[in-house]
Amino acid sequence: MASLGELERAVMDLLWAGQEAATANTLRDLLAQDSEAGDGSAGHQGKDLAVTTVLTVLSRLEKKGLVERERGTRPHRYQAVSSRADHTAELMHEVLGSAPDREAVLARFIGSVTESEAATLRKLLGYN
Amino acid sequence: MFWTSYLLAVLALILAWPVPVLLSRAQWPARSPFTAMVLWQAIALAGGLSMIGAMLVYGLEPVGDNLLAGLRSLAGMVFYNEPTTALGFWHLFALSAAALLTAHLVFTLLLTYYKIERQRRRHRELLALLASPSDDGPGTVVISHDSPVAYCLPGGARSVTVLSDGLMAALEPAELRAVLIHENAHLSQRHDLLLWAFAAWRQALPWFPTTRLAQTAVNSLIEMLADDVALRTESKGTLIKAIAIVASGSSQPTVGTHAFTTGGAVVEGNSVSATGGADSPRTTASRVSRLLSPQPPLTKGLRILVLAASILLLAVPTALLIVPGLLG
Chain A
1 MASLGELERA VMDLLWAGQE AATANTLRDL LAQDSEAGDG SAGHQGKDLA VTTVLTVLSR
61 LEKKGLVERE RGTRPHRYQA VSSRADHTAE LMHEVLGSAP DREAVLARFI GSVTESEAAT
121 LRKLLGYN
Chain B
1 MFWTSYLLAV LALILAWPVP VLLSRAQWPA RSPFTAMVLW QAIALAGGLS MIGAMLVYGL
61 EPVGDNLLAG LRSLAGMVFY NEPTTALGFW HLFALSAAAL LTAHLVFTLL LTYYKIERQR
121 RRHRELLALL ASPSDDGPGT VVISHDSPVA YCLPGGARSV TVLSDGLMAA LEPAELRAVL
181 IHENAHLSQR HDLLLWAFAA WRQALPWFPT TRLAQTAVNS LIEMLADDVA LRTESKGTLI
241 KAIAIVASGS SQPTVGTHAF TTGGAVVEGN SVSATGGADS PRTTASRVSR LLSPQPPLTK
301 GLRILVLAAS ILLLAVPTAL LIVPGLLG
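Chains as they are written, first to last, in the working numbering: chain A, 1 to 128; chain B, 1 to 328.
In case anyone wonders, no lab produced these hints; they're calculated from the structure. Treat the hints with caution; some may be incorrect.
[Claimed, not checked] Cβ-Cβ distance ranges computed for the label pairs, FRET-style:
#1 S96/B / E115/A: 46 to 52 Å
#2 Y80/B / V81/A: 27 to 33 Å
#3 R71/A / W17/B: 58 to 64 Å
#4 Q295/B / E115/A: 25 to 31 Å
#5 Y80/B / G65/A: 49 to 55 Å
#6 I304/B / V81/A: 56 to 62 Å
#7 G137/B / Q19/A: 32 to 38 Å
#8 Q79/A / S235/B: 33 to 39 Å
#9 G5/A / S235/B: 35 to 41 Å
Please read all numbers here as calculations on a predicted model, not as lab measurements. Idealized CB from N, CA, C, for every residue including glycine.
Next comes chain A alone, as it looks inside the complex:
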């Protein structure tokens, strides 16, 4: 049985890859297919993956603000709030941005560099 963390990741990958909102049932089938296809690493969900487990994973993702559900339909259909690229952009914005408290949240190998400083460093490397 895969951990909830691995399942969250697998579900998000499916939602990001798919164009349309999906129900928990559809997602369960897709996850089962993936594991039958036997792509080793992520494929130990097995056939016995219960829809309730998928629903648990989905509600966890919803709480984290990553997934939203269409409430008009039954069963509920789920979709990703924003794309994978958007979330990557959000992360990198936090890393590269100059928010005043960013310095305390994470430590970057290289902080902000001015253009002239970068030019000096390139010269040092023998570029230009």
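Take the given structure of chain A and dock chain B to it, following the hints.
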């Protein structure tokens, strides 16, 4: 008692302005970053202690011979309704100010911790979904991004070092190792605690020169400390090259202007203007020049002198507060 509060106030003033200005201009911290770090911590702690202490001692002057005696009589007034006639308006004012400042500092420290932890948790959650594990160890993940980016996200056992695709492509294995050792040094030396404390210190008293200078200096010193760890196993040339590639690679026109807007978030390379927070752009320059033309570390005697001064900085205000009748 009166002289004590006067001396503490003078100490607080000196530590709030001239001392940090001088220290931030000094050249020697780059030679012995650890010693400088201890001194900055002593300055911050002694500064806060003497600020609060000066007001407390002034306010308690009529009712106690030293801090402990004064606090005891104050507790008597607060909890057992003993007469307060001994305290005039300014005494009460000073006592209230001391209590407020203490509460403010503690509250800001906790609030900053909470904010940092919340941001880190969110960041970790996203990383769990977006980044893939790397071959370089359990705590290392790779995120798909073109700019060369490396950073670590502290969080105890869940600490993680993040590398970008762009970085992996740009660096040779040895340079990559240097980057990883550098980031792991941040984690193992618990630099996050320093960053937290000094970020809160600045947040609490943003108009004090000392808090801004201290944060800038500490940010720079932890980078030097981590560089020194990397130098134990990797060559100086490797580290310099890694720094230069990451710094220049991310602000090269091809990458630096490569900004894309998605969901309201603009991402670009490292060419952030010099206005960016306390993370002074001079940090990178001073790191590189420190590696290119290394100065010998401070002599043992000087280092002991600075450490002794740090201890004295903490001991003097404490002694002034506690020892009865010192200075009458």
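Structure-based check of all given hints:
As the Cβ distance of S96/B to E115/A is approximately 50 Å, the hint placing it in 46 to 52 Å holds. Roughly 59 Å separates the CB atoms of Y80/B and V81/A, a value that falls outside the hinted 27 to 33 Å. Hint check: R71/A to W17/B, Cβ distance near 59 Å, so the stated range 58 to 64 Å holds. The given range of 25 to 31 Å is respected by Q295/B and E115/A, whose C-beta atoms sit roughly 28 Å from each other.
In this structure, Y80/B and G65/A meet the distance hint of 49 to 55 Å, their C-beta atoms being roughly 53 Å apart. For the pair I304/B and V81/A, the supplied restraint of 56 to 62 Å holds, since their beta-carbon distance comes to about 57 Å. Between G137/B and Q19/A the beta carbon distance is about 37 Å. The supplied range of 32 to 38 Å therefore holds. With their beta carbons about 51 Å apart, Q79/A and S235/B fall outside the hinted range of 33 to 39 Å.
At roughly 39 Å, the beta carbons of G5/A and S235/B sit within the given window of 35 to 41 Å.
Taken one by one, the earlier hints fail for this structure at numbers 2, 8, listed in ascending order.
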